[in-house]
Amino acid sequence: MKGRSRGVRFGAFIVGGLAVALALAVLVSPSASNDPDGLNKVAMDKGLADAETDHALDDAPTAGYQVRGVDDERLSTGLAGGIGVAVTFAVAGGVMLMVRRARRSTPARAVQQ
Amino acid sequence: MHIPDGFIDGTTSAGAVAVAAGGLGASLRRAGQVLDERRVPLAGLVAAFVFAVQMLNFPVASGTSGHLLGGALAAVLVGPAVGAVCVSVVLVVQALLFADGGLSALGLNVVNMALLTAFGGYAVFVMARRLLPRTSSSVVVASGVAAAVSVVISAVAFSVEYAVGGTGTAAVSTVAGAMVGVHVLIGIGEGVITGLVVGAVLATRPDLVWGARDLALGRAPADSVHEGVAS
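Top line first, the protein sequences correspond to chains F and R.
Using this note's numbering, you'd call the opening residue of the first sequence number 3 and step up by one each time.
Using this note's numbering, you'd call the opening residue of the second sequence number 4 and step up by one each time.
Chain R with its partners taken away, still in its complex shape (with noise of 0.2 Å):
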């Protein structure tokens, strides 16, 4: 999902570079706020993690593969604000390290799979929790569907930057089309992975995982334990 350089043009790069800015830049505000002193590693931790994952790609259909996003994993389990700080370096240490992601393209990469991941995946995460009953495993649920769903948000924000700013002779219909597609695809495995993961913290950590703090899980008797095992 990493945007090389000359994909998309300039001007469409550079209003990227400033959509992305104002967003960290708002979520920087917003993470001074939420940070406590466990946050800290913590956000630390979900990078890391994040970074790992996004090595991993899986195979999903002929020649083809995908990686975990992990913004929608992030946000849930250290809300969107910090999520998207993490992904975001993520992005940039993957960059300037590795030369993965164009480095025109970081604006861009950043809106795409830090943003839109973190804050689109828990605006879908909240509104499942929702319509599901108000258990560890709703949480789990609600996590794979959020992730999922973000890949094909992120997948239909290319798109979008493809029809604005495309340097491709291809139609956008066509590229629209085969960017969802396959990114349906890859949603999937990401919504399972994300359902795994975030089940495996509720079963050793329920207290930190940030979309179930309304569960106030961990300090109850162990059984949110045993139910974040089973799902």
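Only chain F is shown next, with the shape it has when bound in the complex (with noise of 0.2 Å):
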């Protein structure tokens, strides 16, 4: 089947990760198990959590990978899924950009700005 020795072009692996991504997030991540991760079960066995304080952004309209006006929980958790992949890539992505643009403009204008 394979053509080439290299595989895959590199776009079409690109957009197959970000398809792969998106999929967990939107349609896998609702059947996730829902019960607490290790750190918060140690928090809750050991007393730990009687501590915690409440996030100041709880009220946010994403908060608790729930998307506010969408009734449905699974619904509402693989929305917020598909948000957190398509803000995350787009952040880590800028800021990627933006560490090699100033890596190249740096011997120019090292100490202005």
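Worth flagging that the hints you see were computed from the coordinates, not collected in a lab.
Some hints could be false.
Claimed, not checked - Derived SDA-like pairs: lysine to any residue, alpha-carbon spacing no greater than 25 Å straight-line:
#, chain 1, residue 1, chain 2, residue 2
1, F, Lys48, R, Asp12
2, F, Lys48, R, Val155
3, F, Lys48, R, Ser176
4, F, Lys48, R, Val187
5, F, Lys48, R, Thr172
6, F, Lys48, R, Ser65
7, F, Lys48, R, Ala179
Since we're looking at a predicted model, the values are computed, not measured.
Reassemble the complex: the two chains are provided individually, in unrelated frames, and hints are given to aid placement.
Next up, the structure:
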């Protein structure tokens, strides 16, 4: 099947990878375990959880991986996952782009700004 | 593994912010040196993928789940410096958009889940590769071992932070024992999943795997591809 020794094209790899990430976040994450994770379980068992204070952004429209206004819990989780994947890709890509540009412009004007 | 607000006192949390800022600054400088045109979208993809898999809690023991931290995975795929930045972006997005992980604990979480897993995990990866034959299967095995150990490193780090500035009344040894115990189990899951993902990337685009650069895979005939699939 593979005509090219280097496998799939780079662009196809990125798009395919993003599709896999989106599928995991949107379609699979609603079926993930709802049990507390390791740290939260230890915190509950050992009494640490009593010290937990409210998160300042608990009222955010996507707090707790639930999109406000979407009542179906699975759909809400999946939507939040999709938003998270898109935002994370954009922010991480943007940071890397800035880092790369900053690096390339450094030799010319190192002290400016 | 996300620390919420209130578990660790303000002084310790502030100290962790300083450590996280220093580590991230160094990582960004290093990232600027190694990022080429292709690694920019690749790093974006790695961050997005880590975000997605962090949502997939798997059961590990009665009433307990775990999820991938992804620092070791990111380090193997794009290098420890870029990988640490990727996971840090994930943690910031989680804290700001989804109220997951305390704002006051962001420094602690970046140290535990991004810096230590990426750099600690990558150190384990390099050591494991030295002990194994120079094949792509070894890259898969070393990735799994590194990922498993990275989760335990992260659990130990939390225990140290609890010892320094924990607000709870439970003994440090009790917390540390429970944390390491459960995260050995979660680490096994992280190791298996990380090995599978690295194997899948090696099977499709082995030339994109930072931790396998020395093998010069992908330009050679397809044997490396088959090996990646088999492992």
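**Request:** Of all the hints given earlier, name the ones this structure violates by number, lowest first.
**Result:** none
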